[in-house]
Amino acid sequence: MNSDTGNEVLISAENLGYTIRGHQVLDAVSLKLHGGETVTLIGPNGAGKTSLVRILLGLKKATLGEIYRKPEIKIGYVPQKLHIDPVLPLRVRDFLLTAGRFDNQQLVVVLEEVQMAHLLTSPVQRLSGGEFQRVLLARALLNRPDVLVLDEPAQGIDIIGQQALYRTIKHVRDRHGCGVLMVSHDLHLVMASTDRVICLNTHICCTGHPDDVSAHPEYLKIFGQAMEGLAPYSHHHDHTHDAHGNVIPLAGDSEPGQHEAGSNDR
Amino acid sequence: MIDDFIINALLAGVALAMVAGPLGCVVVWRRMAYFGDTLAHSALLGVALAVSAQLMPILGVVFIGVVLAALLFWLEQRRELSADTILGILSHSALALGLIVFSIIQARVPGIDLMAYLFGDILAVNQTEIVWMYIGTIFILSVFAWLWRALISISVNEDMARTDGVNVSMVRFVFMLLLAMVIAAAIKVVGILLVTALLIIPAASARAFSSTPVQMVLLSGMMAVAAVVLGLGASFYQDLPAGPAIVVAAALGFFLTRITSARF
Numbered sequence: 158m159n160s161d162t163g164n165e166v167l168i169s170a171e172n173l174g175y176t177i178r179g180h181q182v183l184d185a186v187s188l189k190l191h192g193g194e195t196v197t198l199i200g201p202n203g204a205g206k207t208s209l210v211r212i213l214l215g216l217k218k219a220t221l222g223e224i225y226r227k228p229e230i231k232i233g234y235v236p237q238k239l240h241i242d243p244v245l246p247l248r249v250r251d252f253l254l255t256a257g258r259f260d261n262q263q264l265v266v267v268l269e270e271v272q273m274a275h276l277l278t279s280p281v282q283r284l285s286g287g288e289f290q291r292v293l294l295a296r297a298l299l300n301r302p303d304v305l306v307l308d309e310p311a312q313g314i315d316i317i318g319q320q321a322l323y324r325t326i327k328h329v330r331d332r333h334g335c336g337v338l339m340v341s342h343d344l345h346l347v348m349a350s351t352d353r354v355i356c357l358n359t360h361i362c363c364t365g366h367p368d369d370v371s372a373h374p375e376y377l378k379i380f381g382q383a384m385e386g387l388a389p390y391s392h393h394h395d396h397t398h399d400a401h402g403n404v405i406p407l408a409g410d411s412e413p414g415q416h417e418a419g420s421n422d423r
Numbered sequence: 147m148i149d150d151f152i153i154n155a156l157l158a159g160v161a162l163a164m165v166a167g168p169l170g171c172v173v174v175w176r177r178m179a180y181f182g183d184t185l186a187h188s189a190l191l192g193v194a195l196a197v198s199a200q201l202m203p204i205l206g207v208v209f210i211g212v213v214l215a216a217l218l219f220w221l222e223q224r225r226e227l228s229a230d231t232i233l234g235i236l237s238h239s240a241l242a243l244g245l246i247v248f249s250i251i252q253a254r255v256p257g258i259d260l261m262a263y264l265f266g267d268i269l270a271v272n273q274t275e276i277v278w279m280y281i282g283t284i285f286i287l288s289v290f291a292w293l294w295r296a297l298i299s300i301s302v303n304e305d306m307a308r309t310d311g312v313n314v315s316m317v318r319f320v321f322m323l324l325l326a327m328v329i330a331a332a333i334k335v336v337g338i339l340l341v342t343a344l345l346i347i348p349a350a351s352a353r354a355f356s357s358t359p360v361q362m363v364l365l366s367g368m369m370a371v372a373a374v375v376l377g378l379g380a381s382f383y384q385d386l387p388a389g390p391a392i393v394v395a396a397a398l399g400f401f402l403t404r405i406t407s408a409r410f
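So the protein lines, in turn, are chains A and B. Read in order, the letters of the first sequence correspond to residues 158 to 423 in the working numbering. Read in order, the letters of the second sequence correspond to residues 147 to 410 in the working numbering.
Simulated from the structure, these hints should not be mistaken for lab results. Any given hint might turn out to be false.
[Claimed, not checked] The following label-pair restraints were derived from C-beta to C-beta distances:
#1 A/272 <-> B/219: 38 to 44 Å
#2 A/237 <-> B/227: 42 to 48 Å
#3 B/355 <-> A/240: 22 to 28 Å
#4 A/166 <-> B/315: 27 to 33 Å
#5 A/176 <-> B/261: 51 to 57 Å
#6 B/259 <-> A/237: 49 to 55 Å
All residues carry an ideal CB built from backbone N, CA and C; glycine is no exception.
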């Protein structure tokens with residue numbers, strides 16, 4: 158991997174392994190996230206993306222390996238599938254205030270960054286999927302994070318809205334100069350806004366610039382069917398997510414052909 | 147002519163309502179109704195143990211609450227049984243154990259009345275107890291206010307709260323202690339079997355008329371106070387059992403709010 162170019166390492170992981178009830182979720186995963194850099198974790202369902210993110214955030218303990226987080230690091234986290242029960246009366250304003258003490262002006266500033274300032278007093282349960290994801294992003298920005306961690310930030314949004322959201326994320330990163338760690342299961346949507354892609358399927362299959370990864374044999378083996386048409390990919394993904402059938406033969410035969418990282422698989 | 151005992155009952159009931167209403171909102175937000183019920187049922191065991199050790203009953207209730215929370219935490223680790231099943235087991239075994247210990251000490255401690263603990267005995271509160279209840283109310287509300295933002299934050303999403311630096315386990319533990327204290331105080335008023343009602347019914351009634359968490363907490367407190375006043379009034383004038391009358395007043399309030407909020 159490129160050695161540090163002056164950008165400090167915000168989070169790094171060395172040889173992570175995670176096993177739950179005899180099931181290997183993560184195996185020998187190493188990665189680094191630098192300031193100002195957008196890294197996208199991509200992989201089929203069940204590949205261990207969310208587990209990896211939760212371990213990096215310190216929400217879960219890895220079975221093996223080392224984690225480093227910059228001391229006093231501030232993380233803005235957008236979890237996957239956040240559901241707020243309707244029994245909790247919460248306007249966007251109250252929701253943002255769960256992140257800390259802020260005056261109205263500060264709330265409006267972060268909402269403007271995601272084009273949602275008009276929703277300040279709307280109940281959160283009445284927002285559309287896209288509006289809510291943007292409000293989550295605004296909340297993550299309130300504490301001036303060193304790194305934004307976004308787990309499937311575009312779920313439940315139509316294609317146009319997804320592209321707009323990724324543009325907003327890129328814009329926000331450029332303004333704040335923070336690192337971004339994103340989880341996605343669709344490389345093509347995030348290609349334009351990401352610096353580096355890590356293709357995960359229990360272990361790291363391949364990593365690198367989005368163009369390189371999208372042409373990488375490991376990537377094609379996992380996402381092969383999805384590459385054939387221009388139609389929405391998500392349905393195909395659901396059917397190729399059976400990791401074990403794919404991964405085990407792959408890990409054996411194509412190891413030498415890998416470029417960049419992934420080098421730590423045995 | 148209003149007697150002292152009814153004034154005392156009102157004072158005690160209002161003190162309790164002022165904490166049960168607000169804390170009940172968090173119970174409802176965090177779906178802890180069944181946990182509250184389990185805590186209440188196990189309180190009898192706490193009372194019985196405290197009485198046999200010649201300690202204040204509240205100490206026994208809080209102690210059992212902590213034991214229960216630890217047991218729940220340990221049993222949930224294995225994930226084979228869902229939380230409601232585990233709570234159902236703990237709740238009823240604790241109540242059964244409490245009844246057994248109670249029957250043993252009943253033979254030794256004269257004048258201790260099981261029914262007073264099961265259904266409350268608010269008309270028997272004395273002035274010392276009232277003073278303690280108000281001290282407790284001020285203490286509980288202060289801690290509640292101190293934890294306020296963290297409580298909302300963990301009600302929204304615990305992972306997000308944790309990455310914001312909230313000590314989620316600490317907040318949960320302290321809230322559980324507060325809840326155990328409220329339940330200990332509520333035993334005197336509505337009794338072990340009806341405690342949960344005073345926590346969740348006013349909160350549920352308040353939801354329809356609130357658009358912020360603060361509004362809901364204030365409204366829930368007011369609804370709880372109203373239920374206590376109406377219930378005690380009905381109990382005094384119609385000679386009804388006080389605890390059940392308070393709960394029925396709260397329930398009537400709930401259905402009334404359902405009907406009125408459905409109109410809008």
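Please check whether residue 355 of chain B and residue 240 of chain A have a Cβ separation lying inside 22 to 28 Å. holds (23 Å)
CB of residue 176 of chain A to CB of residue 261 of chain B, is that within 51 to 57 Å? holds (54 Å)
Lying within 42 to 48 Å: is that true of the beta-carbon distance residue 237 of chain A to residue 227 of chain B? violated (26 Å)
With 27 to 33 Å as the target window, see if residue 166 of chain A and residue 315 of chain B comply at their CB atoms. Hint holds: Cβ distance 29 Å, inside 27 to 33 Å.
Range hint 38 to 44 Å (beta carbons of residue 272 of chain A and residue 219 of chain B) holds or violated: Holds: the Cβ-Cβ distance is about 43 Å, inside 38 to 44 Å.
Does the hinted range 49 to 55 Å hold for residue 259 of chain B and residue 237 of chain A at CB? holds (53 Å)
The structure fails hint 2 only (numbered hints given earlier).
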